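Protein chains in written order, with this note's numbering: chain A, 1 to 175; chain B, 1 to 175.
None of these hints come from the bench; they were simulated from the model.
Just to be clear, a hint being listed does not mean it is correct.
Pairs count within a copy or across copies, as identical chains cannot be separated in the list.
With a straight-line cut-off of 30 Å between C-alpha atoms, the simulated DSS-like cross-links for lysine-lysine are [stated by the list, open to error]:
{"id": "1", "residue 1": "K101", "residue 2": "K17"}
{"id": "2", "residue 1": "K17", "residue 2": "K114"}
{"id": "3", "residue 1": "K44", "residue 2": "K104"}
{"id": "4", "residue 1": "K155", "residue 2": "K69"}
{"id": "5", "residue 1": "K114", "residue 2": "K155"}
{"id": "6", "residue 1": "K69", "residue 2": "K44"}
{"id": "7", "residue 1": "K101", "residue 2": "K155"}
{"id": "8", "residue 1": "K44", "residue 2": "K101"}
Being a predicted model, the structure only gives us computed values, none of them experimental.
Protein chains: 2
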Amino acid sequence: MTKILVLRLGHRPARDKRLTTHVALTARGLGADGIIIHGVEDPKIVHSVNRVVENWGGPFSISFCSSWKSFITEWLERGGEVIHLTMYGVPLPEGLEQIRKSDKDKLVVVGAEKVPREVYDLATHNVSVTHQPISEVSALAVFLDRYFNGYEFCKEFEGRDIRIIRHSNRKKKDS
Amino acid sequence: MTKILVLRLGHRPARDKRLTTHVALTARGLGADGIIIHGVEDPKIVHSVNRVVENWGGPFSISFCSSWKSFITEWLERGGEVIHLTMYGVPLPEGLEQIRKSDKDKLVVVGAEKVPREVYDLATHNVSVTHQPISEVSALAVFLDRYFNGYEFCKEFEGRDIRIIRHSNRKKKDS
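Just chain A, same shape as in the assembly (with noise of 0.2 Å):
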């Protein structure tokens, strides 16, 4: 089955902490199988995202990287491509219909406020979600949402411990 993870480029830890955390969150609940994240370790978003796989379940990776560009270069070496979300790339439903047509492991790279000119030369799909500023959260669940097709509303995730019990509006231990 084709991987998917997501590289998030520009983490700095004091101020993106809570933004990086949700891009995590949203990488795990809309299917991708884990984010590489560009900057220093930051043990507190480890702890966040590791928590909730252990609640909720996985499989789901967390790791840093600290060169972005030796990165997708090996991606790229090992057969997988690389799809970058931006405002100037091809309209997503467009970039779908090509991303499609391969099942190689997909890396999804999603910036903070500017990523540079390079990210944009190494990718092999430039995506757009909207040509309008809108979030790095928003436009991986947005991409993640249509490539799946609304699979995440049906995913099984292993080894949690809480599951919803629909309309309930109550968690429940699974034990």
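Given chain A, put chain B in place with the hints provided.
Positioned in the frame of chain A, the structure of chain B alone reads:
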């Protein structure tokens, strides 16, 4: 035409500035008409959002309210509907079928960590974008994308100074 506003609950100026800004930009970019933020008025967010509207077009309104309960109650009394996005709700695909049956104005409510029980009781629809912890930004994005059925990819904003020239990877001033 049906009006769509977003009500953002539980905004804390210091902690939530960036996330609330991402909620607002997502609301605007994906087709909502405005946002109401519950909490103390925060000039920084108003400035950020209005700057985007000035440069990228509108219309899009931003305001604050001190009582979410009064706001929701008055909205309902004026004949509008309230859609609360929560992981405890009816799955979105099913919820949308119900929501589409009415052309009443919609107030889409997104919370921060804890949403008071009364919101669930007051809402016309409690709708879930997955039963997993994701992000209010993602939940709103997926809801609006599906509600508007991709309309956001061709929406024209009025009075903008900037537009994206497709594929060029560059911003260009209109004039």
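To see whether the hints hold, each was checked on the structure:
Taking the shortest Cα distances, K101 and K17 never come within 30 Å of each other, neither inside one copy (35 Å) nor across copies (40 Å). For a Cα distance limit of 30 Å, the shortest separation of K17 from K114 qualifies both inside one copy, at 17 Å, and across copies, at 19 Å. Taking the closest pair of Cα atoms, K44 and K104 never come within 30 Å of each other, the shortest separation being 32 Å inside a single copy and 43 Å across copies. With identical chains, the CA atoms of K155 and K69 are never at most 30 Å apart, being 32 Å at best within one copy and 35 Å at best between copies.
Within a single copy, K114 and K155 get their C-alpha atoms only as close as 33 Å, which misses the 30 Å cut-off; across copies the closest is 25 Å, which meets it. When the C-alpha separation of K69 and K44 is checked against a cutoff of 30 Å, the pair qualifies only within one copy, where the shortest distance is 25 Å, while the shortest distance between copies is 34 Å. Within a single copy, K101 and K155 get their C-alpha atoms as close as 23 Å, and across copies as close as 27 Å, so both meet the 30 Å cut-off. Taking the closest pair of Cα atoms, K44 and K101 never come within 30 Å of each other, the shortest separation being 38 Å inside a single copy and 44 Å across copies.
The structure shown violates the earlier hints numbered 1, 3, 4, 8.
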